[in-house]
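Asker: As given, the protein sequences belong to chains A and B, one line each in that order.
No gaps in the numbering here: position 162 of the first sequence is 162 in my numbering, and each next residue is one more.
No gaps in the numbering here: position 46 of the second sequence is 46 in my numbering, and each next residue is one more.
If you're looking for bench data, these hints aren't it; they were derived computationally from the structure.
Possibly wrong hints are sitting among the right ones.
[As the list claims (entries may be wrong)] Label-pair distances were calculated between CB atoms; the ranges are:
| no. | chain 1 | residue 1 | chain 2 | residue 2 | range |
| --- | --- | --- | --- | --- | --- |
| 1 | A | Ile85 | B | Ala2 | 28 to 38 Å |
| 2 | B | Glu25 | A | Glu68 | 46 to 56 Å |
| 3 | B | Asp235 | A | Pro144 | 52 to 62 Å |
| 4 | B | Glu25 | A | Asp257 | 30 to 40 Å |
| 5 | A | Gln121 | B | Lys130 | 25 to 35 Å |
| 6 | B | Ala2 | A | Pro4 | 53 to 63 Å |
All C-beta atoms, glycine included, are put in the ideal place defined by N, C-alpha and C.
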Amino acid sequence: MHPPKPPASLIKTQQWLSTAIRTLDPIQRELADAESGHYLTRSTFLDSQERLKIYISDYWPRCLDALEADFPGLRRWMGNENFRIWMTSYLDAYPSRSFTLSHLGQDLLPFLKTAYTQRDQAQVIELARYEWATLFAAFAPHKPAFNSKKYHQDPKALTQMRFRLQPHLSLLHLTYDWPTWISNDTLKKPKKKECYLAIFQQNDYFESYTLTKGGYLLLTEIDKGYPLHLAIEKAFSELTPKEAQTTESTLQTLFKDTVQLQWLTKRV
Amino acid sequence: MAIKKRFDVPFLGFGLGLRAPHYEELLSSSGQVDWLEIISENYMLDGGQGPHTLAPFKEKYTVIPHGVSLSLGSADALDKPHLKRLKALLSYLNPPWFSDHLCWAGVGGAHMHNLLPLPYTQETVEYVAKKIAIIQDTMGIPFLIENLSSYVEFQESEMTEWEFIKAIAETADCGILLDVNNIYVSSRNHHFDPMDYVRGIPANRVIQYHIAGHQDHGTYVLDSHDRPVRDEVWDLFAKTVPLMGDVSVMIERDDHIPPLSELLEELNHAKAIYTKNIYAPT
Chain A
1 MHPPKPPASL IKTQQWLSTA IRTLDPIQRE LADAESGHYL TRSTFLDSQE RLKIYISDYW
61 PRCLDALEAD FPGLRRWMGN ENFRIWMTSY LDAYPSRSFT LSHLGQDLLP FLKTAYTQRD
121 QAQVIELARY EWATLFAAFA PHKPAFNSKK YHQDPKALTQ MRFRLQPHLS LLHLTYDWPT
181 WISNDTLKKP KKKECYLAIF QQNDYFESYT LTKGGYLLLT EIDKGYPLHL AIEKAFSELT
241 PKEAQTTEST LQTLFKDTVQ LQWLTKRV
Chain B
1 MAIKKRFDVP FLGFGLGLRA PHYEELLSSS GQVDWLEIIS ENYMLDGGQG PHTLAPFKEK
61 YTVIPHGVSL SLGSADALDK PHLKRLKALL SYLNPPWFSD HLCWAGVGGA HMHNLLPLPY
121 TQETVEYVAK KIAIIQDTMG IPFLIENLSS YVEFQESEMT EWEFIKAIAE TADCGILLDV
181 NNIYVSSRNH HFDPMDYVRG IPANRVIQYH IAGHQDHGTY VLDSHDRPVR DEVWDLFAKT
241 VPLMGDVSVM IERDDHIPPL SELLEELNHA KAIYTKNIYA PT
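Using the sequences and the accompanying hints, generate a full structural model.
Answerer: Take a look at the structure:
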């Protein structure tokens with residue numbers, strides 16, 4: 001069956017109401033209010049503008065509450081009021097394009113990178129990236145994992161293979177200990193501490209795995225599509241001798257965990 | 001009054017919405033809740049909490065998927081990936097029916113995360129009915145449309161809401177999920193007699209009820225699903241029951257979720273009203 005064509009009047013009405021509910025632009029707001037009587041009837045107690053306001057006063061709190069729940073650390077860092085101001089600007093710039101509120105924060109990073117030009121921009125971006133990774137891990141797909149058993153007899157073939165990391169896995173290089181700060185309300189500020197994390201899905205929730213710098217670089221190169229031997233070469237080229245030594249001593253454990261935790265998928 | 005239903009679906013009895021605080025009790029208790037309704041979208045993400053998490057509930061209860069984002073009335077085309085995910089959920093649960101709201105939830109690709117009303121015009125009837133036909137063809141099981149609670153009505157409307165629902169249900173040949181609280185809420189907001197609405201609905205297509213609580217703001221009534229069902233809604237339910245024949249009943253609570261025992265009390269109250277009135281003279 002062919003998809004039906006919407007009536008022209010329906011398109012016009014829905015475009016008007018959608019804008020009338022969401023707009024923050026004062027000129028558009030005034031226009032929407034002025035036009036409300038053209039589109040909407042009045043009731044015994046409320047005129048068309050007041051009826052429209054019921055929907056406006058539902059839309060914004062619903063979206064802002066969802067973002068507050070998804071980014072509790074960012075809210076704490078920015079302060080309640082400031083958080084809601086910035087998130088209102090964000091939703092204005094990036095209206096939701098998903099059926100679920102779970103995806104509401106998916107464009108927050110690009111927004112913060114361009115719009116949030118405050119002194120703490122670097123911290124805010126890092127914190128938002130961490131919190132989004134924990135959310136994303138919980139609902140992103142899990143693809144069939146690479147089965148290494150076939151390659152036990154042929155390790156050379158293994159080094160030639162190209163992989164992709166699971167879509168739900170995010171590799172993070174943090175300069176603050178956000179996880180500890182978020183989980184402890186009594187800490188005023190996060191501790192400055194460089195750390196490398198893999199955030200991934202496990203049992204329908206997110207898990208965090210601490211990596212060495214070398215492990216982080218190696219997984220990054222693997223995800224770019226380099227065959228294993230080249231990924232190792234590239235990762236080690238960026239390490240100091242001491243870092244290389246640490247990475248070398250943990251490489252076997254990392255590979256074992258990577259396979260066991262099903263992070264690798266075969267690149268098609 | 002015995003009413004021959006349009007769809008050959010079972011009467012499920014008296015159900016509740018599946019909400020996280022009640023998971024354990026619902027799995028360990030027996031006989032107090034006949035069936036469960038889920039919010040479909042909660043199990044339609046690409047990963048994480050997928051349909052498989054419903055396995056223990058599926059073993060014990062009939063689980064009915066109820067959606068909030070098919071956006072049937074949107075000027076945007078149906079979202080094919082969304083339909084695919086919904087089909088996967090239905091295939092897993094194998095329910096006797098599924099439902100969503102007669103509304104639109106966004107346009108131009110933007111989602112409003114709300115259930116917005118439609119202008120009640122013949123053009124809209126034909127447009128929405130065609131979309132429902134596509135959905136029913138794709139899913140292969142009966143689909144119910146739910147009446148909304150609304151706070152605005154459009155100047156261009158040509159008919160009443162109940163005439164609109166009847167026309168769509170009959171044109172698309174689908175079922176109806178009659179939300180008694182929504183009828184009450186809209187009757188207050190738009191000043192009509194709720195019994196005119198009830199009498200205007202084709203009883204043979206009504207397969208399921210929703211009953212819920214609301215907030216009375218004086219100048220308007222808000223469908224909030226965050227408190228017990230109010231007496232005026234119970235009264236309307238009592239008057240509706242004898243007109244519709246056997247219809248599965250479900251109590252909705254989405255916010256300020258109380259202990260299960262409190263919802264069971266409401267469910268028992270619904271059962272008492274239903275049993276008392278199902279054969280009452282109309």
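Asker: Next, verify each hint and record whether it holds.
Answerer: Hints, verified against the model:
Distance hint check: the CB atoms of Ile85/A and Ala2/B are about 60 Å apart, inconsistent with the given range 28 to 38 Å. Roughly 29 Å separates the CB atoms of Glu25/B and Glu68/A, a value that falls outside the hinted 46 to 56 Å. Between Asp235/B and Pro144/A the Cβ separation comes to about 56 Å, which falls inside the hinted range of 52 to 62 Å. With their beta carbons about 37 Å apart, Glu25/B and Asp257/A fall inside the hinted range of 30 to 40 Å.
Distance hint for Gln121/A and Lys130/B: a CB-CB separation of about 49 Å, inconsistent with the stated range 25 to 35 Å. In this structure, Ala2/B and Pro4/A break the distance hint of 53 to 63 Å, their C-beta atoms being roughly 36 Å apart.
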